[in-house]
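Visitor: These are the residues of each chain, in order.
Number of protein chains: 2
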Amino acid sequence: MNIKHYTDIPEEAVTKANSIKTTIRWLITKEDGSTRYATRRFEIQPGGEIGIHYHSEEHHIYILEGKCHLIDGNGKKILIRKGDVIYIPSNEKHGYINESSERVAFLCIIPYL
Amino acid sequence: MNIKHYTDIPEEAVTKANSIKTTIRWLITKEDGSTRYATRRFEIQPGGEIGIHYHSEEHHIYILEGKCHLIDGNGKKILIRKGDVIYIPSNEKHGYINESSERVAFLCIIPYL
Chain R
240 MNIKHYTDIP EEAVTKANSI KTTIRWLITK EDGSTRYATR RFEIQPGGEI
290 GIHYHSEEHH IYILEGKCHL IDGNGKKILI RKGDVIYIPS NEKHGYINES
340 SERVAFLCII PYL
Chain B
240 MNIKHYTDIP EEAVTKANSI KTTIRWLITK EDGSTRYATR RFEIQPGGEI
290 GIHYHSEEHH IYILEGKCHL IDGNGKKILI RKGDVIYIPS NEKHGYINES
340 SERVAFLCII PYL
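Which chain is which? The protein sequence lines are R and B, in order.
With our numbering applied, the first sequence covers 240 to 352.
With our numbering applied, the second sequence covers 240 to 352.
In isolation and in its complexed conformation, chain R is listed as follows:
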């Protein structure tokens, strides 16, 4: 078994999908020996966002702290907050915007396709 604290893992700026003030940590990946799916931790600072995008990887999301809006393919904003669990199917459009005064942090698990 392999134990780390999330802060031990490098924090990288997210540049895809016109992201602003957003970082990612790849917590568990193929490099750990996990070949089926990867667990990542995102943080979006106040005023930050990930633009609407889509891809073939489905998402399992769990909100760890804070709140933000999830944006669906029609541009509709849905408030999501700590303790929320979100499933985004393959190829469904989605984005995030943090209009709150605190960072939002969430886990996002994706398959290796």
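Wrong hints could be hidden among the right ones.
Pairs count within a copy or across copies, as identical chains cannot be separated in the list.
Unchecked claim - Once the Cα atoms are required to be at most 20 Å apart in a straight line, the calculated SDA-like pairs of lysine to any residue come out as:
(1) Lys-321 / Gly-286
(2) Lys-321 / Arg-342
(3) Lys-321 / Cys-347
(4) Lys-321 / Arg-279
(5) Lys-315 / Glu-338
(6) Lys-316 / Ala-344
(7) Lys-243 / Lys-316
(8) Lys-321 / Arg-264
(9) Lys-243 / Ile-336
(10) Lys-315 / Asn-241
(11) Lys-260 / Ile-310
(12) Lys-306 / Val-253
(13) Lys-321 / Ala-344
The hints are simulated quantities; they were obtained by calculation from the structure and are not laboratory data.
Since the model is a prediction, treat every value here as computed from it, not as a measurement.
Knowing the structure of chain R, use the given hints to seat chain B on it.
Guide: Quick look at chain B alone, frame taken from chain R:
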């Protein structure tokens, strides 16, 4: 997309592996349309435990709150706490015991094999 709060999902007692004072919520599963892996949330109350066991499903674990001891195949206790990330490979023995005064909660993602 499908959005729920974790408390909306039924909490079930864990009975496998000689578990004590432990519950599980199956947050995202095949029933949501996710066929590759499932995301579950465990809670172990003070004095609770999950006995040492093993299985072919690997684990991605993220500690959401509290602390407990992870027990490896040699019976060694390792303290794990909020923000820790743990990878347990397929067929590696592991257990958990909460000797603290507060509940520990963690996510555990397993593949559908």
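Visitor: Are the hints correct? Go through all of them and say.
Guide: These are the hints, each one checked on the structure:
1. Lys-321 / Gly-286: The answer is within: 18 Å in one copy meets 20 Å, while 27 Å across copies does not.
2. Lys-321 / Arg-342: Cα proximity of Lys-321 and Arg-342: in one copy and across copies (11 Å, 18 Å).
3. Lys-321 / Cys-347: Both ways: Lys-321 and Cys-347 sit 14 Å apart in one copy and 17 Å across, limit 20 Å.
4. Lys-321 / Arg-279: Both: 17 Å inside a chain and 16 Å across chains, each within 20 Å.
5. Lys-315 / Glu-338: within (14 Å within a copy, 45 Å between copies)
6. Lys-316 / Ala-344: Classified as within; 18 Å inside a copy, 29 Å across copies.
7. Lys-243 / Lys-316: between (34 Å within a copy, 15 Å between copies)
8. Lys-321 / Arg-264: Intra 19 Å, inter 16 Å, cutoff 20 Å: intra and inter.
9. Lys-243 / Ile-336: between (29 Å within a copy, 19 Å between copies)
10. Lys-315 / Asn-241: between (40 Å within a copy, 14 Å between copies)
11. Lys-260 / Ile-310: For Lys-260 and Ile-310, only the intra-copy Cα distance (17 Å) is at most 20 Å; the inter-copy one is 38 Å.
12. Lys-306 / Val-253: within (19 Å within a copy, 30 Å between copies)
13. Lys-321 / Ala-344: both (9 Å within a copy, 14 Å between copies)
Figure legend: structure checked against the earlier numbered hints; every hint is met.
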